[in-house]
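Trainee: Those sequence lines, one after another, are chains A and B. Position one of the first sequence corresponds to residue 1 (UniProt numbering), numbered consecutively onward. Position one of the second sequence corresponds to residue 1 (UniProt numbering), numbered consecutively onward.
Treat the hints with care, since some could be wrong.
Under the rule of at most 27 angstroms between Cα atoms (straight-line distance), these lysine-lysine pairs were calculated in the DSS-like manner [said to hold, decoys possible]:
1. B/111 with B/140
2. B/2 with B/134
3. B/30 with B/134
4. B/2 with A/107
5. B/111 with B/30
6. B/30 with A/109
7. B/2 with A/134
8. A/262 with A/126
9. B/111 with B/134
Pulled from the structure, derived: some chain B residues nowhere near chain A, Cβ distances all over 12 angstroms [as the list claims (entries may be wrong)]:
10. 37
11. 136
12. 142
13. 318
14. 319
15. 324
Treat the hints as calculated values from the structure; they're not laboratory data. Quick reminder that beta carbons are idealized off the backbone N, C-alpha and C, glycines included.
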Amino acid sequence: MKYVDEYRDGAKAREIAAVIGAEVQPGRRYNIMDFCGGHTHSIARFGLEDLLPPSVRLIHGPGCPVCVLPTGRIDSAIELARRPDVILCSYGDMLRVPGSGRDSLLKAKADGASVRIVYSTLDALKVARQNPDKTVVFFAIGFETTTPPSALALLQAHAEGLENFALFCNHVMTPPAMRAILTSEERVPLEGVIGPGHVSVITGSQVYQPFAEQWQLPIVISGFEPLDLLQAILMLVRQVNNGRAEVENQYARALQQDGNPKARQVIEQVFTLRPSFEWRGFGALPDSALSIRPEFAAFDAEARFALPYRSVPDHKACACAEIVRGLKRPQDCRIFGTACTPDHPVGSCMVSSEGACAAHWAYGRFRDQQQGAAQ
Amino acid sequence: MKLDWVSGRVELTHGGGGRAMARLVDELFKSAFSNPLLDAGNDQATFTVPAGRMVMTTDGYVIHPLFFPGGDIGSLAVHGTVNDVAMGGARPLYLSAGFILEEGFPLADLKRIVTSMAAASAEAGVPIVTGDTKVVERGKADGVFITTAGVGVVYDGVEVSSDRARPGDVIIVSGTIGDHGVAILSVREGLEFDSEIRSDSMALHRLVETMVQVAPGLRVLRDPTRGGVAATLNELAQASAVGMELDEAALPIRPQVRGACELLGLDPLYVANEGKLLCICPPEDADRLLAAMRAHPQGQDAAIIGQVVADDHRFVTMATSFGGRRVVDWLAGEQLPRIC
């Protein structure tokens, strides 16, 4: 497959892995956080960890949009979906995420709630046009990558006078999450960060400059194919070895330093900073998420349905909160693979294929057995 | 009353047991499926049982959309059940067909489905010898549901079963994987995309006949339908209490299927097939079997994709093209598209 196979070449992967193996210095530790859920998924799917020397440890970060959304927000979406006058449109990943009392959008759907899986916000607009007697709410979630399409959908609905369309806005931003990790008291020691590729295509790479400077932290923004990731890891290893702390761009084929100003302008037009937003694992973070500007309140599901936000504590045994901050690995959670599996997820990290737990369960858990057997 | 095959629709009377139903059965089903056993006009087909071990199977078809590139619910209902018989190491003999029709379903569509079903049955040489038709009120079904059952007789000396895989055995797939599922997705409402991919829906019993002649000692045959190759191999690993190791580079996947899966965030290993089989055989039979399969029109793209290993945990794992290794797990629920 053109433009994909080139980045999945096994022989080249082994070459880069050999260079990484040769360049890591004895006695040095290379804890590298793969920030983005897409990276976590790729690393697990292609078994990249098998190719790396033991001193390079990959730590999965908070960049899985499904994982960081707190239970209270899921509850609100379920509440919306159960209203007889509402059709809730959602990206597929969200349907199985457990809300309070193990409720989920999928269960609500089975009970008769109107929930539609859509691939794009344009599909949600289509549903709205086809169902003028219902309010069609798009469950908008994700980082800077999925924010511009939500903004465009709202502007399109506004232009068309599609009054039965609304957004339930849960968009969050990457830099506050990175800041929360680096300022946390129980901070995981990091020598480098693989920066999010598609987020940076929007934000530009310069937003990470303050982090590299303030924390002397090497950051390499990477694409999502296995060779991208291996190259990014090599670039990080070299920065560590040379004592550099820079923002480098591995994803040059997609990412310009300035990002996509047009997309940012659309975001700016529709959204404004939320004073505070709860994240799973981080609690309430100031200025970390977006809400819809008052002039578009007619398209804001939270304003329209007077949705109160109720914070809900995570399941007591669930370690998602530590896992999204890199403090624990999936296999360190005591209900991983027992009470919590993809069939019966307790925490959000077990749901989305970008979640650290789901990725480890789906692709990597045989290593735990081997290690168990070897001990 | 005459049936209007152009703009007429299924009515409740077509299942009522009266003249309207007799007309539908005569004009459509009997004429399309005609064969001596069916034409006898009884509520059952009567036939002589051949000597040996027999297999029997049944399957329900409730697909949406009803028509897709490369087939429709009618041809699928024949191929699926013929294949389920064949995967018992058996020669299919006869099929039954039950129709549940929704009131209001266009007669023209029904005719198209039944005609396609008759053609599939004739092509396979496996006649539909008994059947049933019911009509339910509008809203109680989704257009048309079909159930088919099949009987067959196991080839002499052949014994295949999902619990017979042994460490050291070789895993073969008969051709490219994921074609059917992607063809269906490409025409599913809300997801339509332009694609040249056609369903692989076909009857595989002739390929099976060739295979058991060449390698009567083959141990497992299974068609990887719902849940794809991944789900089927996990079932077999459980049943045989073994592990399996696949080789990613060896998996035959059409570039178009890989492309569509890449775009939709799906994994071809989990996508349904309707005209492919997985076979597990002793290592000494593998080369001979593979050569015979490749020489057969239904197995031209056959490939050895992995081997059976001893593993108490019964993991199916895959060597990725990078020299990494990963689990190929069961699917949790339906494969849902990813966000970004």
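Trainee: Taking the hints in turn, state whether each one holds.
Mentor: Checked hints:
1. B/111 with B/140: holds, 21 angstroms
2. B/2 with B/134: holds, 19 angstroms
3. B/30 with B/134: Holds, because 15 angstroms separates the two Cα atoms, which is no more than 27 angstroms.
4. B/2 with A/107: The given pair, whose Cα atoms are some 47 angstroms apart, is violated under the 27 angstroms limit.
5. B/111 with B/30: The given pair, whose Cα atoms are some 12 angstroms apart, holds under the 27 angstroms limit.
6. B/30 with A/109: Violated - the C-alpha atoms of residue 109 of chain A and residue 30 of chain B are around 41 angstroms apart, more than 27 angstroms.
7. B/2 with A/134: Roughly 42 angstroms separates the two Cα atoms, so the pair is violated.
8. A/262 with A/126: holds, 24 angstroms
9. B/111 with B/134: Within the cut-off at roughly 16 angstroms; holds.
10. 37: holds, 43 angstroms
11. 136: Residue 136 of chain B clear of chain A: closest Cβ-Cβ about 20 angstroms, beyond 12 angstroms.
12. 142: Correct as stated: the minimum Cβ-Cβ distance to chain A is 17 angstroms, above 12 angstroms.
13. 318: violated, 8 angstroms
14. 319: violated, 8 angstroms
15. 324: Not fine: 2 angstroms to the nearest Cβ puts residue 324 of chain B too close to chain A.
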